[in-house]
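Model the full assembly from the supplied sequences, consistent with the hints where possible.
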Amino acid sequence: MRQFNRNLCVLGLLYLALMGVNAQNYPSKPITIVAPFSPGGNVDIIARSVAQSLSVVLGQSVVVDNRAGAGGAIGSSFVSKSAPDGYTLLLATTNTISVLPYMMKTPLYKPSDFQAISLAAVSPLVMVVRADDKRFASTPSLIASAKAGPKNISVGHSGMGTSNHVSVLRLENVAKVEFNVIPYKGSTPALTDLMGGQIDFMIDQLSSSKSFVDAGKLKILAILSKERDDTIPNVPTFFEATKITLEANTTSGVLAPPDTPPNIVKILSDALITVAQDPVYISRLLSVGSLPKSSSPKEWAELLRQESLNSERLALAGKLKVE
2 MRQFNRNLCV LGLLYLALMG VNAQNYPSKP ITIVAPFSPG GNVDIIARSV
52 AQSLSVVLGQ SVVVDNRAGA GGAIGSSFVS KSAPDGYTLL LATTNTISVL
102 PYMMKTPLYK PSDFQAISLA AVSPLVMVVR ADDKRFASTP SLIASAKAGP
152 KNISVGHSGM GTSNHVSVLR LENVAKVEFN VIPYKGSTPA LTDLMGGQID
202 FMIDQLSSSK SFVDAGKLKI LAILSKERDD TIPNVPTFFE ATKITLEANT
252 TSGVLAPPDT PPNIVKILSD ALITVAQDPV YISRLLSVGS LPKSSSPKEW
302 AELLRQESLN SERLALAGKL KVE
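Every number in our numbering is 1 more than the matching position in the sequence shown, counting from 1.
Heads up, some of the hints might be wrong.
In silico lysine-lysine, BS3-like type, Cα no more than 30 Å apart, as pairs [what the hints assert, rightly or not]:
id, residue 1, residue 2
1, 227, 320
2, 152, 322
3, 299, 30
4, 177, 244
5, 227, 294
6, 218, 244
7, 148, 220
8, 111, 148
9, 218, 186
10, 135, 111
11, 30, 294
12, 267, 299
13, 299, 227
Distance windows between CB atoms, simulated [to be verified]:
id, residue 1, residue 2, range
14, 106, 82, 18 to 26 Å
15, 259, 153, 44 to 52 Å
16, 148, 66, 22 to 30 Å
17, 231, 307, 45 to 53 Å
18, 299, 109, 42 to 50 Å
19, 281, 199, 19 to 27 Å
20, 138, 29, 54 to 62 Å
21, 297, 25, 33 to 41 Å
Worth flagging that the hints you see were computed from the coordinates, not collected in a lab.
Heads up, the beta-carbon is just placed ideally off N, CA and C, and yes, glycines get one too.
Structural data, given as structure tokens:
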């Protein structure tokens, strides 16, 4: 047994030494950012924006790999189990990491299964309907239709535990209504069904729905922010439209597998702080209604920890239920 422990210790030291050598040359090959939702949605848009600017900063190719499913759990779980070498990263939201595990019978990960790197963006949420749907001229008219009967109005969301999903649950609570809630594997398939008439409305990130609004296919009834957004100045806040308080957004950031070497974490964190100051990155995000952000790994980790504690409290109180 002593010999086994001695050999294990030697292997551990060799591994750490090898990681140190690899970290000194980092990055020496392409980096993959996993987006745990389908292409075209908010997370995908942010991931591709990060990848484009990060590749310039690091001088190395950065590609996006979409691994959708289970509200973001499939792709996130994949990254949590990947090699901690800095070449497989995750672009995820606070909800994906700190809310979704509390809504799964068998969680695939917990916040401590990731190494926080930096925040990336904050995206406001909006209520959208088809532009030609005459039933919903305003948010009050949609709520009135919902009150006409339980599950009378259908709403899609981008996946279990996402900010889109949780916002629908909060809307039901504050407006005292019950929708026919339909989950999707990301915003894009939900928006496709919305435009096709299969569902009545959606709460979505402005970043992923704005192009359809600009094309005249969708209409925004309200924004779930404290104040109006400069990119859609004529759209009222939810409170302005209803006199009911409901505020929500989607915060996203970059994470790595646990045990990623500190020097690689620092290289990535410093690079992402530079990315957030890149005029091209800023312009790209602002054009879709998102706000560029960055942070230290500690700040991002603390935000996830606090959100996880809040989710735990809600789950114990029966307000965050397993689905």
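Verification of the hints:
The hinted pair formed by residue 227 and residue 320 meets the criterion: a straight-line CA distance of about 24 Å does not exceed 30 Å. Taking the CA atoms of residue 152 and residue 322, the gap is about 19 Å. The hint holds against a cut of 30 Å. With a C-alpha separation of about 27 Å, the suggested pairing of residue 299 with residue 30 holds against the 30 Å cut-off. With a CA separation close to 14 Å, the supplied pair residue 177 and residue 244 stays within the 30 Å bound.
Proximity of residue 227 to residue 294 is assessed by CA-CA distance (about 18 Å); at most 30 Å being required, the pair is judged to hold. For the hint pairing residue 218 with residue 244, the CA-to-CA distance comes to about 27 Å; that is within 30 Å, so the pair holds. Simply put, residue 148 and residue 220 have alpha-carbon atoms about 21 Å apart, close enough for the 30 Å limit, and the pair holds. Annotation: proposed proximity of residue 111 to residue 148 is violated, straight-line Cα distance about 38 Å (limit 30 Å).
Between residue 218 and residue 186, the direct Cα distance comes to roughly 21 Å. Compliance with the 30 Å bound is thereby established for this hinted pair. Between residue 135 and residue 111 the CA atoms are separated by roughly 44 Å; this puts the pair beyond 30 Å, and the hint is violated. Between residue 30 and residue 294 the alpha-carbon distance is near 26 Å, which keeps this suggested pair within the 30 Å criterion. The hinted pair formed by residue 267 and residue 299 meets the criterion: a straight-line CA distance of about 11 Å does not exceed 30 Å.
Proposed proximity of residue 299 and residue 227 is supported: the alpha carbons are some 27 Å apart, at most 30 Å. Against the hinted window of 18 to 26 Å, the Cβ-Cβ separation of residue 106 and residue 82 comes to about 20 Å, which satisfies the hint. Separation of residue 259 from residue 153 is about 46 Å and conforms to the stated range, judged on CB atoms against 44 to 52 Å. Distance hint check for residue 148 and residue 66: the Cβ-Cβ separation is about 43 Å, which falls outside the suggested range of 22 to 30 Å.
Taken as a hint, the range 45 to 53 Å is violated for the pair residue 231 and residue 307, whose Cβ atoms sit roughly 29 Å apart. A hinted range of 42 to 50 Å is violated for the C-beta pair residue 299 and residue 109, which are about 25 Å apart. Between residue 281 and residue 199 the beta carbon distance is about 37 Å. The supplied range of 19 to 27 Å is therefore violated. Judged by the Cβ atoms, the range 54 to 62 Å given for residue 138 and residue 29 holds: they are separated by roughly 57 Å.
Taking the beta carbon of each, residue 297 and residue 25 are about 22 Å apart, not inside 33 to 41 Å as hinted.
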